[in-house]
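*Asks:* Residue-level listing of the chains:
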Amino acid sequence: MTGQSRTLGSWLRFVLLFAAIFVMQRELLAQGREIRVAAASDLQFAMEELTKNFEKQAGTKVNVTYGSSGNFFSQIQNGAPFDLLFSADIEYPRRLEAAGLAEPDTLYEYAVGRIVIWMAPEAKVDLNKLGWKALLDASVQKIAIANPEHAPYGRAAVAALQKAGIYESMKTKLVYGENISQAAQFVQSGNAQAGIIALSLMISSHMKNGKQWEIPAEMHPAIEQGAVVLKNARNKNAARAFLEFVKSAAGRSILARFGFAFPEPGNSLGLRR
Amino acid sequence: MNMDALLLSLRLALCVSAILLLIGMPIAYWLAYSNWRGKFLLESIVALPLVLPPTVLGFYALVAMGPRGPLGKLWIVFFGHGLAFTFGGLLLASVLYSFPFAVQPLIASFEGVDRKLLDASAVLGAGSLRTFWRVILPLSLPGVVTALVLSFAHTLGEFGVVLMVGGNLAGVTRTVSIDIYDHVQSLEYAEANHMALVLLVISFAVLSLVYGVNRRVWNPWPAK
Chain Y
0 MTGQSRTLGS WLRFVLLFAA IFVMQRELLA QGREIRVAAA SDLQFAMEEL TKNFEKQAGT
60 KVNVTYGSSG NFFSQIQNGA PFDLLFSADI EYPRRLEAAG LAEPDTLYEY AVGRIVIWMA
120 PEAKVDLNKL GWKALLDASV QKIAIANPEH APYGRAAVAA LQKAGIYESM KTKLVYGENI
180 SQAAQFVQSG NAQAGIIALS LMISSHMKNG KQWEIPAEMH PAIEQGAVVL KNARNKNAAR
240 AFLEFVKSAA GRSILARFGF AFPEPGNSLG LRR
Chain G
0 MNMDALLLSL RLALCVSAIL LLIGMPIAYW LAYSNWRGKF LLESIVALPL VLPPTVLGFY
60 ALVAMGPRGP LGKLWIVFFG HGLAFTFGGL LLASVLYSFP FAVQPLIASF EGVDRKLLDA
120 SAVLGAGSLR TFWRVILPLS LPGVVTALVL SFAHTLGEFG VVLMVGGNLA GVTRTVSIDI
180 YDHVQSLEYA EANHMALVLL VISFAVLSLV YGVNRRVWNP WPAK
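Top to bottom, those sequences are chains Y and G.
Residue numbering for the first sequence follows numbering that gives the first Met the number 0, starting at 0 and increasing by one per position.
Residue numbering for the second sequence follows numbering that gives the first Met the number 0, starting at 0 and increasing by one per position.
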């Protein structure tokens, strides 16, 4: 009997603790001291730096979920509780805005993605000298890219191969990662000898020591990345404040440091729409 | 609709369930009848793929198949190319992933066979192999069917492992579940729905077959 009541007591304590945490979290949310951000996986390292600085400055906690932009798009359409979306493809926030699921006038092109050819440090190819021609080397049996059907970095990779005139001959060597991080994983594990990866992922300590060659921006359509505050955001003000921070000089310098470029002023979002 | 992906999935599932039956039977036999005290350790290992997240299992498989992994090294020596992104690699990962789904029903049904019959068979002079074929296997047929069908169905619906080691190659590693996922990702919900419906119908048919057989709604092996 006592044993049973003791287990019951500890169970009750556990439930109470859990409830307290839950209530506290709700409280934080209600006071606008926490926002939820859905971010494309190419932002993984840059976003960490951005949120750290913003949290210090504004005292708002930023909870980030990384994933594929297309997934977030479907989830948000179905009521996912995010305040802000950072998409690797500006098309998704644009569509959310068109569908009335975004706060008007918050759509912002925060960066342009850059891509690199990446090889393991022990690769015997002189990637720096050869550039994209390194992919023609006999040692390259598989080339990992993100799935071009739904990943903007994958589309850019295919466009660059086409521009180089080697897409048809390389087609059988391509393997598709579900997103750009997985494409990087294929190269890292040695299963693919080369990959076309987001420059923003090269900052990670695991990948820094590999060989890389930046693909010139002229070789592929710009990978325009867009952010938007969502209609059902619980903390619109805090979300707007975070977006303002990303737009600020401090935010832009962090993005630049992590390998993102910015849209040309004359080519900005407002003019093209 | 993408028939390639569907056929690939069916081929993969068939191969996996056949292989699992072949290697699962001796393992299940040993686990069912051995008196070794450390048996529970092996049983735990057999059950591990149930617990490990498929993406984790897939990631380890990917690393093991890579040129720096033990399996990949060996494979490259014999075949000259890596194991990842090939049908063979997918097959291997799937066998690992569906292992408990084949072995556990086999163990259960082998253990369910009345020991007196085994003793009788031995007294009548049958060796253990003969006893297995003539007594244990016929009495365990529902378990064998369950093992076959569960590993088949489980492989058909496999996603995480294929995603990790497959590389999404049309006709080679792009299975139905990956194809559906791609459609959803590209916001082509109608195509995704079609494929999902086909998968659902096949899975339902297969599962009702097992449960029907087990409940003796049909008897595929009528007594002569």
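Treat each hint with caution, since some may be false.
As the list claims (entries may be wrong) - Derived DMTMM-like pairs (lysine to aspartate or glutamate); straight-line CA-CA distance at most 20 Å:
1) G:Lys72 - Y:Glu121
2) Y:Lys170 - G:Glu187
3) Y:Lys128 - Y:Glu47
As the list claims (entries may be wrong) - Label pairs and their in silico Cβ distance ranges:
4) Y:Ala137 - G:Gly111: 52 to 60 Å
5) Y:Glu121 - G:Ser43: 31 to 39 Å
6) G:Phe78 - Y:Leu16: 54 to 62 Å
7) G:Leu49 - Y:Asp125: 22 to 30 Å
8) Y:Phe261 - G:Gly156: 56 to 64 Å
Said to hold, decoys possible - Derived, one-sided and incomplete: chain Y residues facing chain G with beta-carbon distance under 7 Å:
9) Gly69
10) Asn77
11) Asn190
Just so you know, the hints here were simulated from the structure itself, not pulled from any lab data.
What you are looking at is a predicted structure, and each value in this text was computed from that prediction instead of being measured.
C-beta: ideal position from N, C-alpha, C; glycine also.
*Asks:* Lysine 170 of chain Y and glutamate 187 of chain G were given as a pair; does the straight-line alpha-carbon distance stay at or below 20 Å?
*Replies:* Roughly 24 Å separates the two Cα atoms, so the pair is violated.
*Asks:* Does the CB of asparagine 77 of chain Y sit less than 7 Å away from some CB of chain G?
*Replies:* Because about 11 Å separates asparagine 77 of chain Y from the closest Cβ in chain G, which is outside the 7 Å limit, the hint is violated.
*Asks:* Under the criterion of a CB-CB separation shorter than 7 Å, is glycine 69 of chain Y in contact with chain G as hinted?
*Replies:* Check passed: Cβ of glycine 69 of chain Y comes within 4 Å of chain G, closer than 7 Å.
*Asks:* May I ask you to test the hint 56 to 64 Å on the CB atoms belonging to phenylalanine 261 of chain Y and glycine 156 of chain G?
*Replies:* Between phenylalanine 261 of chain Y and glycine 156 of chain G, where Cβ atoms are some 44 Å apart, the hint is violated.
*Asks:* Does lysine 128 of chain Y pair with glutamate 47 of chain Y here, judged by a C-alpha cut-off of 20 Å?
*Replies:* It is violated: about 34 Å lies between the C-alpha atoms, which goes past 20 Å.
*Asks:* Between alanine 137 of chain Y and glycine 111 of chain G, does the C-beta distance stay in 52 to 60 Å?
*Replies:* Since alanine 137 of chain Y and glycine 111 of chain G have Cβ atoms about 57 Å apart, the given range 52 to 60 Å holds.
*Asks:* If you check the beta carbons of glutamate 121 of chain Y and serine 43 of chain G, does the distance land in 31 to 39 Å?
*Replies:* 38 Å, holds
*Asks:* Any CB of chain G closer than 7 Å to the CB of asparagine 190 of chain Y?
*Replies:* Check passed: Cβ of asparagine 190 of chain Y comes within 4 Å of chain G, closer than 7 Å.
*Asks:* Run the distance test for lysine 72 of chain G versus glutamate 121 of chain Y: straight-line Cα separation, threshold 20 Å.
*Replies:* Answer holds: lysine 72 of chain G to glutamate 121 of chain Y is near 16 Å, not above 20 Å.
*Asks:* For phenylalanine 78 of chain G and leucine 16 of chain Y, compare the CB-CB distance with the range 54 to 62 Å and indicate the outcome.
*Replies:* 56 Å Cβ-Cβ, so the 54 to 62 Å window holds.
*Asks:* Per the hint of 22 to 30 Å, is the separation of the Cβ atoms of leucine 49 of chain G and aspartate 125 of chain Y within bounds?
*Replies:* 48 Å, violated
Hint violations for this structure: numbers 2, 3, 7, 8 and 10, all remaining hints satisfied.
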